[in-house]
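Going down the list, the sequences are from chains A, B, C, D, E and F. Here my numbering is used: position 9 in the first sequence is 63, and no number is missing along the way. Here my numbering is used: position 43 in the second sequence is 97, and no number is missing along the way. Here my numbering is used: position 96 in the third sequence is 150, and no number is missing along the way. Here my numbering is used: position 117 in the fourth sequence is 171, and no number is missing along the way. Here my numbering is used: position 19 in the fifth sequence is 73, and no number is missing along the way. Here my numbering is used: position 2 in the sixth sequence is 56, and no number is missing along the way.
If you are wondering where the hints come from, they were derived from the structure by calculation, not from laboratory data. Any given hint could be a false lead.
Which copy is meant is left open, because identical chains are indistinguishable; a pair holds if it fits in one copy or across any two.
[As the list claims (entries may be wrong)] For lysine-lysine, the following DSS-like pairs were computed, each having C-alpha atoms within a straight-line distance of at most 27 Å:
hint : residue 1 : residue 2
1    : K95       : K132
2    : K95       : K138
3    : K138      : K179
4    : K179      : K169
5    : K185      : K95
6    : K185      : K132
7    : K185      : K151
8    : K138      : K185
9    : K151      : K179
10   : K148      : K132
11   : K132      : K169
Protein chains: 6
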Amino acid sequence: MLSRLFARTIDVSAHCDLPCGVYDPAQARIEAESIKAIIGKLADNDDPDFRTRAVLIKEQRSELVKHHLWVLWTDYFKPPHFEKYPQLHELFNKATKQAGAAGGKGSMDPAEGQKLLDYIAQIDKIFWETKAAA
Amino acid sequence: MLSRLFARTIDVSAHCDLPCGVYDPAQARIEAESIKAIIGKLADNDDPDFRTRAVLIKEQRSELVKHHLWVLWTDYFKPPHFEKYPQLHELFNKATKQAGAAGGKGSMDPAEGQKLLDYIAQIDKIFWETKAAA
Amino acid sequence: MLSRLFARTIDVSAHCDLPCGVYDPAQARIEAESIKAIIGKLADNDDPDFRTRAVLIKEQRSELVKHHLWVLWTDYFKPPHFEKYPQLHELFNKATKQAGAAGGKGSMDPAEGQKLLDYIAQIDKIFWETKAAA
Amino acid sequence: MLSRLFARTIDVSAHCDLPCGVYDPAQARIEAESIKAIIGKLADNDDPDFRTRAVLIKEQRSELVKHHLWVLWTDYFKPPHFEKYPQLHELFNKATKQAGAAGGKGSMDPAEGQKLLDYIAQIDKIFWETKAAA
Amino acid sequence: MLSRLFARTIDVSAHCDLPCGVYDPAQARIEAESIKAIIGKLADNDDPDFRTRAVLIKEQRSELVKHHLWVLWTDYFKPPHFEKYPQLHELFNKATKQAGAAGGKGSMDPAEGQKLLDYIAQIDKIFWETKAAA
Amino acid sequence: MLSRLFARTIDVSAHCDLPCGVYDPAQARIEAESIKAIIGKLADNDDPDFRTRAVLIKEQRSELVKHHLWVLWTDYFKPPHFEKYPQLHELFNKATKQAGAAGGKGSMDPAEGQKLLDYIAQIDKIFWETKAAA
Chain A
55 MLSRLFARTI
65 DVSAHCDLPC
75 GVYDPAQARI
85 EAESIKAIIG
95 KLADNDDPDF
105 RTRAVLIKEQ
115 RSELVKHHLW
125 VLWTDYFKPP
135 HFEKYPQLHE
145 LFNKATKQAG
155 AAGGKGSMDP
165 AEGQKLLDYI
175 AQIDKIFWET
185 KAAA
Chain B
55 MLSRLFARTI
65 DVSAHCDLPC
75 GVYDPAQARI
85 EAESIKAIIG
95 KLADNDDPDF
105 RTRAVLIKEQ
115 RSELVKHHLW
125 VLWTDYFKPP
135 HFEKYPQLHE
145 LFNKATKQAG
155 AAGGKGSMDP
165 AEGQKLLDYI
175 AQIDKIFWET
185 KAAA
Chain C
55 MLSRLFARTI
65 DVSAHCDLPC
75 GVYDPAQARI
85 EAESIKAIIG
95 KLADNDDPDF
105 RTRAVLIKEQ
115 RSELVKHHLW
125 VLWTDYFKPP
135 HFEKYPQLHE
145 LFNKATKQAG
155 AAGGKGSMDP
165 AEGQKLLDYI
175 AQIDKIFWET
185 KAAA
Chain D
55 MLSRLFARTI
65 DVSAHCDLPC
75 GVYDPAQARI
85 EAESIKAIIG
95 KLADNDDPDF
105 RTRAVLIKEQ
115 RSELVKHHLW
125 VLWTDYFKPP
135 HFEKYPQLHE
145 LFNKATKQAG
155 AAGGKGSMDP
165 AEGQKLLDYI
175 AQIDKIFWET
185 KAAA
Chain E
55 MLSRLFARTI
65 DVSAHCDLPC
75 GVYDPAQARI
85 EAESIKAIIG
95 KLADNDDPDF
105 RTRAVLIKEQ
115 RSELVKHHLW
125 VLWTDYFKPP
135 HFEKYPQLHE
145 LFNKATKQAG
155 AAGGKGSMDP
165 AEGQKLLDYI
175 AQIDKIFWET
185 KAAA
Chain F
55 MLSRLFARTI
65 DVSAHCDLPC
75 GVYDPAQARI
85 EAESIKAIIG
95 KLADNDDPDF
105 RTRAVLIKEQ
115 RSELVKHHLW
125 VLWTDYFKPP
135 HFEKYPQLHE
145 LFNKATKQAG
155 AAGGKGSMDP
165 AEGQKLLDYI
175 AQIDKIFWET
185 KAAA
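All chains should be built: construct the whole structure from the sequences, respecting the hints.
Shown next, in the form of structure tokens:
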């Protein structure tokens with residue numbers, strides 16, 4: 055618990071002295087966790103109206119994940135990052151495609167939600183490496 | 055760095071086994087950090103078009119902070135929480151009002167942005183206490 | 055009919071000389087009436103595609119009710135109001151929770167829609183008392 | 055005051071037994087009142103950042119007025135209404151154009167805000183006539 | 055056909071000296087094509103979750119078609135256009151109503167999607183005539 | 055040029071049998087033309103309120119360009135396309151960055167708007183090649 059709060063404080067102070075604004079892959083991750091949780095609930099429930107709401111909300115979350123990832127890819131990452139991490143373009147493309155897959159047809163499979171979280175974790179790792187190197 | 059990643063993992067596993075969905079005050083905090091950062095940049099820049107964009111984006115961020123806080127207040131917190139934390143209603147009301155103040159007239163004062171972050175930190179502390187107690 | 059138009063004119067002139075902008079609980083009420091009407095239509099119709107649209111639109115209306123109420127609670131009502139009406143925080147919290155309940159799982163019960171309208175009527179009554187006292 | 059509350063109750067019961075959903079020109083009117091109020095405040099204030107926020111919010115309100123009017127014109131009014139009120143198409147077109155004018159260049163003139171409210175009052179009158187005739 | 059395509063090319067370069075900005079009925083047409091395509095897919099698929107997503111996305115597209123048409127009707131077309139094309143008000147009203155019909159109850163009939171495209175084609179023809187005449 | 059225009063006509067009729075839905079780079083192009091037009095108008099006008107509106111609308115258009123390009127990049131283009139056009143990832147990244155640049159600080163230079171249109175034209179060319187090859 056203490057370590058979490060401590061880490062959080064570090065983030066905050068790191069953000070403020072940056073000229074390029076505030077970015078955090080946590081925004082995409084939180085929405086992706088929501089998708090995975092919704093898939094879990096869909097498995098337990100056959101009520102059509104419940105499923106409608108779940109599918110609708112999952113679709114919205116999927117759009118939010120995509121949006122947060124697109125913003126990182128376009129606004130945060132710069133040419134030197136793409137040179138240092140040549141896989142970064144493809145990683146973002148796969149992650150946003152996976153947000154669509156987990157939010158769409160494949161969405162009843164919990165593994166699809168986890169796969170999305172795994173892609174985001176890879177992006178998160180690179181993101182914080184570039185922050186540490188800045 | 056390690057402690058941050060570790061804590062993050064704890065969050066993720068804590069979210070998934072909850073029946074009431076995924077919530078995280080980090081969403082409000084990240085947008086509030088953005089407001090504070092924008093106030094900082096406004097102090098350094100007299101270009102009218104830059105100021106227009108900054109004021110516009112700050113206004114949007116202010117709406118996002120309010121929205122994320124409102125969702126927590128209405129959807130996450132339940133009557134037993136409000137009994138245990140009798141200050142919680144007022145705290146949320148002050149925090150959302152402060153989001154408006156930091157996004158609006160008072161917004162050129164960096165202290166307004168920090169005050170918003172302080173309110174969110176208080177909410178964050180209570181939020182994680184209720185999660186730990188669940 | 056005459057009385058309605060007359061009252062409306064009073065509202066308009068009352069709004070313009072206020073420094074704090076234009077607010078009206080009617081915005082939340084109109085969306086809540088829509089929720090109640092949709093629940094009524096859902097009871098009469100088993101077509102799955104119709105139900106999907108109805109559930110979707112009801113969900114959106116629920117978000118709009120919450121938004122209009124949150125704006126009143128944060129932007130219109132001030133500390134002196136909360137002192138004079140100590141139940142106001144809880145009333146808004148219950149009303150926005152009810153907007154979620156009537157828009158969500160409990161939504162097939164017409165009584166849920168009416169309960170939402172009743173909460174909004176209570177808020178409306180207090181709102182116009184504060185306007186009259188201003 | 056009594057007459058207003060009474061009239062309001064009539065509205066509510068009139069809405070619920072309609073098969074075509076809930077409509078109310080009050081939605082457009084409330085946003086238009088906001089535009090007129092903002093124009094009034096702009097006249098009193100030369101602070102560039104305040105003006106930016108006012109212009110931004112007025113622009114949003116203008117979009118909301120247009121949206122509420124368009125919905126009435128497309129979704130509520132039916133061919134028999136347009137036959138009975140041959141001026142209705144042009145009235146809506148002028149009203150939505152005026153929403154743009156009051157939200158845009160002409161917006162510093164309070165008369166533009168009032169002109170928008172006058173158009174909406176004309177629509178409101180016809181709207182309630184068609185409700186009474188239904 | 056050739057003249058319209060030619061006009062399009064001119065239009066792109068001509069936008070900058072126009073006082074009325076950039077408009078193109080293609081925006082409404084592209085969304086309407088999407089509606090027609092979705093109706094086609096709904097006919098081939100009984101999976102309830104797929105249908106939910108399709109109905110949801112079709113509903114959103116319907117809103118987008120309406121919005122793009124409303125903008126043309128209010129912001130692009132001027133009184134002289136309505137004089138020269140006296141059917142224009144009714145054409146737009148029918149087209150936006152049809153966007154609702156194709157996005158709503160009647161939406162399982164591919165002919166409804168085509169009918170929407172036909173209305174938009176009529177508007178498109180008039181639009182480019184007015185551009186050529188400008 | 056002729057072949058692309060011809061393909062467009064085919065495309066409209068061909069949308070329905072496509073599994074991936076309806077896409078068209080024209081959506082991004084139309085918004086980008088709007089950005090370029092707004093930059094042109096900003097050069098001619100010193101009225102602060104006009105500039106505020108122009109900067110605000112340009113910012114919104116910039117978001118729309120980015121959104122339409124992101125959707126193409128994530129939802130339309132597939133791994134085989136990225137293999138055949140190895141520059142495609144970088145092209146989209148540059149184009150969306152340019153949408154931000156033309157919508158943001160660099161936005162007073164008409165060349166920035168044209169540069170955005172040039173990137174979109176490159177994407178448009180590849181898009182129609184892939185459609186023709188499908």
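Within a copy, between copies, both or neither: where do K95 and K138 come within 27 Å Cα-Cα?
Answer is neither: 40 Å inside a copy and 29 Å across each miss the 27 Å cutoff.
Have a look at K95 and K132 and pick one of within, between, both or neither, based on CA distance no larger than 27 Å.
Between. Shortest inter-copy distance 21 Å satisfies the 27 Å Cα cut-off; intra-copy 39 Å does not.
When no copy is named, should K179 and K169 be tagged within, between, both, or neither for a Cα gap of at most 27 Å?
within (15 Å within a copy, 31 Å between copies)
Regarding K138 and K185, is the shortest C-alpha distance of 27 Å or less found within a copy, between copies, in both, or in neither?
Close inside one copy (13 Å), not across copies (33 Å); limit 27 Å.
For K148 and K132, with the copy left unspecified, which applies at a CA distance of at most 27 Å: within, between, both, or neither?
So K148 and K132 pass the 27 Å test inside a copy (19 Å) and across (10 Å) alike.
Same-copy or cross-copy closeness of K132 to K169 [CA-CA at most 27 Å]:
Cα proximity of K132 and K169: in one copy and across copies (26 Å, 18 Å).
Since the copies are identical, ignore which copy is meant and state whether K185 and K132 lie within 27 Å (CA to CA) inside a copy, between copies, both or neither.
Within one copy only: 12 Å inside a chain, 31 Å across chains, cut-off 27 Å.
Could you place K185 and K151 in one of the four classes (within, between, both, neither) given a Cα distance threshold of 27 Å?
both (25 Å within a copy, 20 Å between copies)
Indicate which option fits the pair K185, K95 if close means a Cα-Cα distance not exceeding 27 Å: within, between, both or neither.
Answer is between: at 20 Å across copies they meet the 27 Å cutoff, but 36 Å inside does not.
Can you tell me if K138 and K179 fall within 27 Å by alpha carbon in one copy, between copies, both or neither?
within (14 Å within a copy, 29 Å between copies)
My question is about K151 and K179: at a cut-off of 27 Å on alpha-carbon distance, are they close within one copy, between copies, both, or neither?
both (19 Å within a copy, 23 Å between copies)
In the structure shown, a violation is registered for the earlier hint numbered 2 alone.
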